[in-house]
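Going down the list, the protein sequences come from chains P and Z. Residue 103 in my numbering sits at position 103 of the first sequence, with consecutive numbering throughout. Each position in the second sequence, counted from 1, maps to that position plus 1000 in my numbering.
Rather than coming from a laboratory, the hints here were simulated on the basis of the structure. Using N, Cα and C, we set each Cβ at its ideal position, and we do this for glycine too. Heads up, some of the hints might be wrong.
[As the list claims (entries may be wrong)] Quick partial rundown of chain Z residues pointing at chain P, CB under 10 Å, derived from the structure:
#1 1247
#2 1301
#3 1443
#4 1575
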Amino acid sequence: MSYIKPTFVHPQAPRNEVGYLKRDYEGKISTLCAGCGHDSISAAIVQACFEMNIEPHHLAKLSGIGCSSKTPTYFLSNSHGFNSVHGRMPSIATGANLANKELIYLGVSGDGDTASIGMGQFVHVIRRNVNMTYIVMNNGCYGLTKGQDSATADKGSISKPSREATPYEAIDLVGLALELNASFVARSFSGDKSQLIPLLKAAMSHKGFAFIDIISPCVTFNNNKGSTKSYDYVREHISITGAMDYVPEEKAIEVEYAEGSQKDIELFGHSVVHLEKLAPNWNPTDKQSAIDKLQATKRNGQILTGLLYVNPNPRDLHQINHTVDIPLNKLTENHLYPGDGELDKINEGMR
Amino acid sequence: MSGKRRVNDFVIRFANVNGTGSASTNGLFAKSIFRSGVPVSAKNIFPSNIQGLPTWYEVRISDKGYLGRREGIDIMVAVNPQSFQEDLQRILPGGYIIYDNSRPLHDDQKRSDINMIGLPMMLLSMEYFELPRLQQLFKNVIYLGALVALLDIDINIVKHLIEELFATKPKLWPPNFKALEVGYNYAKENYDCPLDTRIEKRDLIGDQIMVEGNEATALGIVYGGATVCAWYPITPSTSVAKAYDKYANKFLIDKDSKKKKFAMVQAEDELAAIGMVIGAGWNGARAFTSTSGAGVSLMNEFIGLAYFAEIPVFLVNVQRGGPSTGMPTRTQQGDIISSAYASHGDTKHILLFPSTPNECFEMSATGLDLADRFQTPIILLSDLDLGMNEHITEPFSWDKNRKYDRGKVLTAEDLDDPNLDWGRYLDIDGDGIPYRTIPGTHPSKGGYFTRGTSRDEYARYTEKGAVYKRNVDRLTRKWNTARKWVPKPEFYQDGYKSNHGLLFFGTTTYAAIEAMDKLQASSSPMDAMRIRAFPFNNEVEDFISQHDEIFVIEQNKDAQMRSLLINELEIHPKKLISILNYDGYPITAQNIIEQIGEHLSIKMISQV
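Okay, chain P solo, but in the shape it has when bound (with noise of 0.2 Å):
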C-alpha cells in the first residue's frame, strides 16, 4: 500500500468559485483500516468544503483523542489543525473561537472522546453556543485500544472482542444534545453521503453550535452479527426524517406544509435548508417534536437521521459576550492600551 499521494492534477479538474482544486481540500492519506466509516466522513467533508467554497485557511479543524480525532490528518491539508488531548477539544475550540470569530471551527471527535471522558466538555460547549460544527463519529468502541465497548454501545449490542451484549444503558448523544437546547442537531450516517453532505454544509453554515452526531462503523471491532453499529444493521433500521438539500446565499421562502411535502427552512439569514420532509409529526424547528419523533423511532428500534432539530437564530458565544466585531486576535497595543494619566488615577486611589 503507498503512503504517497500521486501529485498529478487533471487539466481540466474544475475549480470552486474562490479558485481551489477539490485535491486542495484534500489530506494526506488515511492510516485508517480499509472500509472504516470515518474515510467516508473525511470524503463529504472535503467535498462539503469544496462545494461551500470555503477557503481553506479560514477554516481550523480541532479534535481530540482517538480514530476519529485523527482523521483531521486526512482533510483540509491546508487548513489548521490542532489534534489536542483526549476528550477536551471543545475548551480548545471554545478559546480559539474567542480569539478568532470569523474563522469556521470543525470539531472532530468519537463516541470515546465525546461521551465518555469528554462528557464534561461536550455539555458546556453546548450551553455555551459556541459557533463551531461538532462531529461524532460514533463507532460505539474504542478501536485504538482494540475495541472496548464505548458509552454510546447500545445496551444488548455486541462487539467482536467483548462476545457479550452491553449490559449498559447506552447514551444517546442526540437525546442530550436536544435537552441541553443544542443551537443545531443532527444524525446521519457515514453510508449516506446524499444526507451527509448537504448537513454538513448546514451545519458550517450555522451561527451557533451545530452537532451531528454521524454513525460510523467500526470493520475491524464492530461491525459483526450482533452489533447495531454495523454497516448491515444501520441500513436495515434507519429512519429519515427528510432528504435534504443545502442551498446556500438563496432567499428564503417560507412553506407551509403538510405530511411528506417540503418545507425551506431560512437558516442564519442568508442560506437555505430545503427539506423534503418524510417523517410525519415533525417539525424541525420545534423542539418538542423533534424529541417526540426521537423517542417515538427509538422505541421501534429504528436509527433517526437527518436535520431534528434547527434554531435559526440562535445567540452564540460572542453574541452573548458582546464581544467586538474585530477578532481579539487582531488587537494591539492601539486598542488596548487603557490611555495616559490611567494609571496615575489608580495609583491616586490606592493611597
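Fit chain Z to the supplied structure of chain P, relying on the hints for placement.
Relative to the frame of chain P, chain Z by itself:
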C-alpha cells in the same frame, strides 16, 4: 497597670465573627495608619466558610518598615465570644485587650498581666441605633472610634476614609460618623487617652500605594494585553478574575460600539479553563487563567500539551496550603515543584516569583510577553498572603511606548518570501525558538497540524527516535535561552561580605529583610539574594558558588526550592540549609533568626 511604650511598633489583632461586616471596618483601621504616613501590613486570617466562624485581622505597624508577620499580640480587639479564651491567651504580657463589656466577664476570662479595656460595644450600639442589623454593623465602627482615641489616630483621616468608602452613598456618612464618635467619646471619658502604645504621624510612605496582589496581577494582565480569560473559582485566586473583570470593563470597552474588547468565560472546571487559554493562545490572542494548587493539578495534562506543542499560556497560581484540599484559606509556597515540572514526561516551565503587588503587576505583563516569546506556559507563583492581603508597594508604572513582545510570529508577507524555509518546529535562529503562524494568516502557506504527539521540524507526525530526540533537544536549547530572558535575582549588598548567604523568594522576602537587618545589628551580617524566576539565571548560580553555606528560606515542608536548586544547578545538598515555615501563617523574622542560630550553634559544637 500600664503597658510598655510602643510608638508605631506593635501588632494589633481583631477577633471577629465572619460575615458580620467587620472586614471593611478593619480595613479602614489599617488604611488610616497608612494615611498617617506609617508603614503597616494587614493580614486576613479567615476560615473557609461564609458566615459564623471566627476570623481574625492582624495588623502590624512598624516605623522601620518591617511588613512581615510578627508573633505576639500587643493589642487584641476581642469581639468574638467564641474565640475569646484563645484570643486572651495570645496577648503579650503588658499588652491590651479591648473587649465588649456589655456583659460582665467571668473570672477565667481575665488576665492580671495585661490591661483590660472594657467597651460596651453592643449596649452603645443599641442606644444609638434602632435596627438590629445596623446595631451589629455599627458595633464595629464603635470599636474603631475607641481605637482612634486610644491610639491617637487623626479622626479626620478616618472620616475621609469613610467618605471615600461610601463615595456614592453620602447618606451613610452621618450614621458612620455618629458611631465613630460614640466609641471615641466613650474611650476619652473612661480611659487615659492615648495609651502608651500608640500612633504618631510620620512621612514614611512617600508615593507608595496599598493594594492586594491579586488586584495588581489582574491590572498587569490588562496592561499586558490579555483579551481572553478562562477561569474556575478557587480560593485564593478568585479575586484575580474578579479584578480582571473590573479593569477590563473599565479599559477594554470599545468607545463607539460599547462592545467588549475581551472575553471572559467561567469554565466548568480547571481543565476546560486552561484548554480555552491554550485554544486562544494557539489562535493568536493573549489569554490567561488563574487558579491555585489544586487547579494546577487538574491542568497537568494540558500544561504538558502546551509545553510540547509550544503554545503560549499565562497561568497565575495563587498558592494556598496543600496537599489535597489542604488549608484553603492559609498561605504556603508549596507548589514550586508541581509547577516547575507540571505534567508527565520531560517537562519544565518558566516560573515567576513576585514578592510585592508592584511585582505582580510588572511580572504579569512581562509573563504575557515571555509566553509569546517562548511559546510555552508561564506560571506566576503568587500566594494567598500576597494575593489576598493589602500590601504597601511602589506605585504602578507603565511606559506608554511599551510594545507587546509577540515573539516569532510570521505574517502573510513573511510566508510569501521565496527564500523562507519554514517549519513550525524548525530552529532557524539557533536559540531553540521556532517560528509560528496564526490560523487564517495566508491562503496557502503556513498551515500546519498542532499535536501533542511527536513530530518533525515540519510538524509532521513521526515515531522516529532520532527525530523525536532532535525536537526535545531543541526544547532544552530553548530552555537555556530562557535563562537569559527571565527576571534576574535581586541582591541586597554590593559585593559579597559573608561566607553565608540568605536565599529567598516571594512573600518570604518581608520577613527575610527584617531578619537580615537583625543579623546585621547582631554583628553577623549575611549576603542575600532574592530569586525572581525559574530557570535560574547565571547570577543565581554565581551567588551560591561564592558562599560556603546558603540558607534557603521558604514556606513549605519539603524544602522545594532547595530541591529545585540542587536538581537544576547540581549543588551539593549540604551547602543548602533549609529554613522552613509551613503552619499556614506567613513566616516571621524571629523564626528565621532562631533557625539560623540553631544551625550555626550546632555546627560550632560539632567542630569542637
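Taking the hints in turn, this is what the structure says about them:
Interface hint status for residue 1247 (chain Z): upheld, as the beta-carbon distance to the closest one in chain P is roughly 8 Å, under 10 Å. For residue 1301 (chain Z), the suggested interface contact is upheld, since its CB lies about 5 Å from the closest CB of chain P, less than 10 Å. A cut of 10 Å between beta carbons decides the hint on residue 1443 (chain Z): the least distance to chain P is about 5 Å, and the hint holds. Nearest Cβ of chain P to the Cβ of residue 1575 (chain Z): about 40 Å, over the 10 Å cut. The hint is violated.
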